[in-house]
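Participant: Read off the chains here:
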Amino acid sequence: MTFEEIKSLLIEKFGADVIVGEETTGRQPALIIKPEAIADVCLELRDNEKTWFDFLASLSGVDYGVEEDIFGVVYHLASIPYKTSLTLKVRKYHDRSREELPSFPTVSEVWKTADWHEREAYDLVGIRFENHPDLRRILLPDDWEGYPLRKDYKAQEYYNGIKVD
Amino acid sequence: MESTRYHKLLAEVESTEMVLNMGPQHPSTHGVLRLELITDGEIVKEVIPHVGYLHRCFEKHAENLTYQQTIPFVDRLDYLASMNSSHAWVMGAERMLGIDGDIPKRIEYIRVLVSELNRIGSHLIALGTYGIDIGAFTPFLWCFRDREHIMNMLEWASGSRMLYNYIWVGGLFYDLPVGFEERCKEFIDYFKPKMAELNELLTGNEIFISRTANVGVLPLTTAINYGCSGPMLRGSGLKWDLRRVDEYSAYPELEFDIPVGKGEMGTIGDCWDRFKVRIDEIEQSVHIISQCLSRLQSDLKRTQDFDPRARLPKKIIPKAQDFYMRAENPKGELGFYFVTDGKSEIPKRVKARGPSFCNLSVISEISRGILIADLIAIIGSVDIVLGELDR
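Protein chains in written order, with our numbering: chain A, 36 to 200; chain B, 2 to 392.
Just so you know, the hints here were simulated from the structure itself, not pulled from any lab data. C-beta: ideal position from N, C-alpha, C; glycine also. Certain hints may be false.
[Stated by the list, open to error] Under 7 Å between C-beta atoms, here's a sample of chain B residues computed to sit facing chain A:
1) Y7
2) K61
3) K106
4) Y191
5) F192
6) G228
7) Y338
8) R354
[To be verified] Mimicking EDC-like on lysine to aspartate or glutamate, the simulated pairs with C-alpha atoms at most 16 Å apart in a straight line are:
9) B:K349 <-> A:D169
10) B:K320 <-> A:D169
11) B:K106 <-> B:D300
12) A:K186 <-> B:D342
13) A:K186 <-> B:E64
14) B:K320 <-> B:D41
15) A:K118 <-> B:D300
16) A:K118 <-> B:E248
17) B:K9 <-> A:D169
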């Protein structure tokens, strides 16, 4: 299925407001999905026999910079039967307050790959995934402070009495 | 945070069960990996992997360095297959610049040649250490002896034994040294009978088969759902190789098969199948190398004026875009996701998708209710490299 066909398939199934925008300038076009609908959209794309995106290649949390204060998650889907790929994105404004993290629905029920990848995005970018079964830090120690891949990140001076360079 | 699956599992441990730590310092975990086991006698009830001991902030470093400066860091992701990793990274940068079509054929063939040599080296480690995990010591020494030849050749080409920094954006560090092709041909002739010997000693060994066949069976649907790739996925019976799917670099012109697990000794997707896929892939890599050599010695022969650095871009500033580059590493799909702003030489965000990361995550799924000794066999058959898992 082409990019346009996938787009119209999603609009037909979920209504026109499910697609917030699209990026078609680069070599890999991307659909920007309404954050609340991402889990349903992914499930549909995985199970629909016209698309069959059964393989989640990668899931990345992104901080788009301090000027915009926008956080996002990028999903790289691949279909093994059709040998096609698709990029989905969700994004959201967040004021970087410490009490509450930017949050998106989890897709770990759709692809188990997302389980660890979402933990990684939580760990390094500080994005919360609603209803994730096991949202703990994965690469950094449990008592690490802050999220290193955020653009405003400052490393703590001491970690358990050890100087951090 | 106390309601996570992990805390629930630990809270529900019964008085007859024991929580056992395997690793981080344990030879059969292939690096600094810690597995928390909930065991009932010899039976494993649950495996909880803890990773991150080798985290070296690759993605953070990549946000502060240019594409060319990051290549040494990329080499250190999967330190057993540096050539393959830097090949993927370099192709990503070249495609974003739009110069991937201008790379001279000789350079493409040299890249494939060294990558395939490195793939053999990586698989030899996987096979040798797997033998040791199961209790066979000799194959380990044989594999390392043969890998040494590959290391020496790559050192000759790049100046370094493991972390090469040889493939550059737009070209190569140097052309192959004079006589490399002949030396490589000699190695291939030496190596083919050695593989037959290894097969006789290990692959068909009855003890080895009884330790690995029907152990750690990974069904195909589970493998896909967990994002497994490389020999893990092919061991479960699916012909999925990005060298063929994406047809990158010189691979469309080369002839090779994609070996898959057939369940010859037990069930499709068991440890023996994954082992066999690696054995067969070595054979295919040897086949690719001989094709590369014959091209490099005939129509793509080195000339006096050939300069592999002639097309290096002065400044690497891709226009603003997102790009996901994937390539087939010895361990599976290695992906790099770039976000660029079109103004600077430094990417805004880089994410590395390591194959070992996804391949390891399936381990708790396929290890429920098995014996502890079988867990060793399963970890070895996954073939993880912690450098790329923890990044």
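Participant: Does each hint fit the structure? Answer for all of them.
Facilitator: Checked hints:
1. Y7: holds, 6 Å
2. K61: Result: holds, 5 Å to nearest chain A Cβ.
3. K106: This interface hint is violated because 23 Å lies over the 7 Å limit.
4. Y191: Check failed: Cβ of B:Y191 comes no nearer than 38 Å to chain A, outside 7 Å.
5. F192: Where the cut-off is 7 Å and the nearest Cβ of chain A is about 33 Å from B:F192, the hint is violated.
6. G228: The hint holds - B:G228 has a Cβ within 7 Å of chain A, the shortest such distance being about 3 Å.
7. Y338: Where the cut-off is 7 Å and the nearest Cβ of chain A is about 5 Å from B:Y338, the hint holds.
8. R354: holds, 4 Å
9. B:K349 <-> A:D169: violated, 29 Å
10. B:K320 <-> A:D169: violated, 38 Å
11. B:K106 <-> B:D300: holds, 10 Å
12. A:K186 <-> B:D342: At roughly 14 Å apart (the allowed maximum being 16 Å), B:D342 and A:K186 satisfy the hint.
13. A:K186 <-> B:E64: Measuring from Cα to Cα gives roughly 10 Å; hence the hint holds.
14. B:K320 <-> B:D41: Violated, because 57 Å separates the two Cα atoms, which is more than 16 Å.
15. A:K118 <-> B:D300: Answer violated: A:K118 to B:D300 is near 33 Å, above 16 Å.
16. A:K118 <-> B:E248: holds, 12 Å
17. B:K9 <-> A:D169: Holds. B:K9 to A:D169 sits at ~10 Å (cutoff 16 Å).
Comparing the model with each numbered hint stated earlier shows that hints 3, 4, 5, 9, 10, 14 and 15 do not hold.
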